[in-house]
Amino acid sequence: MSDESVIALGEKFQQLRNRPGKYDGAEYDESVDSFEGEKYKVMKGLSDQLGLPGTPAADVLARLGKPDELTPSLQGEPAAPVMPGPVVGAGADAGVATTAQQQPPYYFVYYWRHKHDYLYFKIDPIQEKVITSEWHMTKD
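Going by UniProt numbering, 111 is the number at position 111 of the sequence shown; the sequence numbering is gapless.
If you're looking for bench data, these hints aren't it; they were derived computationally from the structure. Even for Gly, the Cβ is constructed at its ideal location relative to N, Cα and C. Wrong hints could be hidden among the right ones.
Below, a list of computed lysine-lysine pairs in the DSSO-like style, where the Cα atoms sit at most 30 Å apart [unchecked claim]:
1) 12 to 22
2) 122 to 66
3) 22 to 41
4) 66 to 129
5) 122 to 139
6) 41 to 66
7) 44 to 115
8) 41 to 115
9) 129 to 115
10) 139 to 115
11) 22 to 129
12) 66 to 44
13) 139 to 22
14) 66 to 139
15) 115 to 12
16) 66 to 12
17) 12 to 139
18) 22 to 115
Taking CB as the label site, the calculated pair distances span [said to hold, decoys possible]:
19) 138 to 41: 30 to 38 Å
20) 54 to 22: 31 to 39 Å
21) 4 to 139: 32 to 40 Å
22) 103 to 8: 15 to 23 Å
23) 73 to 116: 25 to 33 Å
24) 34 to 127: 33 to 41 Å
25) 26 to 136: 18 to 26 Å
26) 139 to 31: 22 to 30 Å
27) 125 to 75: 37 to 45 Å
28) 26 to 127: 18 to 26 Å
29) 74 to 22: 28 to 36 Å
30) 104 to 30: 32 to 40 Å
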C-alpha cells in the first residue's frame, strides 16, 4: 500500500470517525455499523499498514488523529499498579536504579463501534513505535 493510499484512508477515517451508528445510540447505519461498511474497511486498511511492528507512533497519530483512549492497559487486561520512579534491579545489576527499561507499553485505542468494538495499537514507550495492533471485538 502506498503512502498516498494510507493518507487517503486516514482522511476517510476522519470523515467517518464521528458519524453516529447503532452503538452510539443512533439508528443502524450500514456504512459505520457493519463489517461490510466503509468505516470498518477503512480502519482495517489503516491497521494492516500502520499496525506493523516498528511503525512510528507518530505515523499512527498523523493518519488516525488523537486516539479515543490513550491507556496503560486494555479493558479486561490485568494491570499491575506501579509507582513512578526508579526500580532497583534484582539480578546482576542489583542495586542499580533503572527507569527507562522498565516502562510498560501503552495503547492508542480507536473506536469502530463506540467502546463495543475497537482497534488498538500497543506502543513501545521508549522507542515510540508500534509493537502490535489488534482488534477487540465484543461477542454479541
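Each hint tested on the structure:
1. Simply put, residue 12 and residue 22 have alpha-carbon atoms about 20 Å apart, close enough for the 30 Å limit, and the pair holds.
2. Between residue 122 and residue 66 the alpha-carbon distance is near 15 Å, which keeps this suggested pair within the 30 Å criterion.
3. Proposed proximity of residue 22 and residue 41 is supported: the alpha carbons are some 17 Å apart, at most 30 Å.
4. Distance restraint check for residue 66 and residue 129: the Cα-Cα separation of roughly 16 Å lies within the 30 Å cut-off, and the hinted pair is therefore satisfied.
5. Simply put, residue 122 and residue 139 have alpha-carbon atoms about 22 Å apart, close enough for the 30 Å limit, and the pair holds.
6. Distance hint between residue 41 and residue 66 is fulfilled; the C-alpha atoms sit about 20 Å from each other, no more than 30 Å.
7. Distance check on the hinted pair: residue 44 and residue 115 sit about 17 Å apart at the alpha-carbon level, within 30 Å; holds.
8. The suggested pairing of residue 41 with residue 115 holds, with an alpha-carbon distance near 18 Å, which does not exceed 30 Å.
9. Proximity of residue 129 to residue 115 is assessed by CA-CA distance (about 24 Å); at most 30 Å being required, the pair is judged to hold.
10. Of the supplied pair hints, the one linking residue 139 and residue 115 holds, its CA atoms being roughly 13 Å apart against a limit of 30 Å.
11. Pair hint residue 22 plus residue 129 does not hold up; C-alpha atoms about 33 Å apart against a cutoff of 30 Å.
12. Taking the CA atoms of residue 66 and residue 44, the gap is about 17 Å. The hint holds against a cut of 30 Å.
13. Between residue 139 and residue 22, the direct Cα distance comes to roughly 16 Å. Compliance with the 30 Å bound is thereby established for this hinted pair.
14. Simply put, residue 66 and residue 139 have alpha-carbon atoms about 27 Å apart, close enough for the 30 Å limit, and the pair holds.
15. A hinted pair counts as satisfied when its Cα atoms are at most 30 Å apart, and residue 115 with residue 12 qualifies at roughly 20 Å.
16. Distance restraint check for residue 66 and residue 12: the Cα-Cα separation of roughly 15 Å lies within the 30 Å cut-off, and the hinted pair is therefore satisfied.
17. Restraint check for residue 12 and residue 139: the C-alpha separation of about 27 Å stays at or below 30 Å, so the hint holds.
18. Using a Cα cut-off of 30 Å, the hinted pair residue 22 and residue 115 holds, with the two alpha carbons roughly 12 Å apart.
19. Checked against the given bound of 30 to 38 Å, the beta carbons of residue 138 and residue 41, roughly 19 Å apart, lie outside it.
20. At about 36 Å, the CB distance of residue 54 to residue 22 agrees with the hint of 31 to 39 Å.
21. About 37 Å separates the C-beta atoms of residue 4 and residue 139, a value consistent with the hinted range of 32 to 40 Å.
22. A hinted range of 15 to 23 Å is violated for the C-beta pair residue 103 and residue 8, which are about 34 Å apart.
23. Between residue 73 and residue 116 the CB atoms are about 19 Å apart, so this pair departs from the stated range of 25 to 33 Å.
24. Checked against the hint of 33 to 41 Å, the pair residue 34 and residue 127 passes, with Cβ atoms roughly 36 Å apart.
25. With their beta carbons about 21 Å apart, residue 26 and residue 136 fall inside the hinted range of 18 to 26 Å.
26. For the hinted restraint 22 to 30 Å between residue 139 and residue 31, the CB-CB distance of approximately 23 Å keeps it satisfied.
27. A hinted range of 37 to 45 Å for the beta carbons of residue 125 and residue 75 is inconsistent with their spacing of about 20 Å.
28. Checked against the hint of 18 to 26 Å, the pair residue 26 and residue 127 fails, with Cβ atoms roughly 39 Å apart.
29. Between residue 74 and residue 22 the C-beta distance comes to about 23 Å, which lies outside the given range of 28 to 36 Å.
30. Taken as a hint, the range 32 to 40 Å holds for the pair residue 104 and residue 30, whose Cβ atoms sit roughly 39 Å apart.
In this structure, the hints that do not hold are numbers 11, 19, 22, 23, 27, 28 and 29, in rising order.
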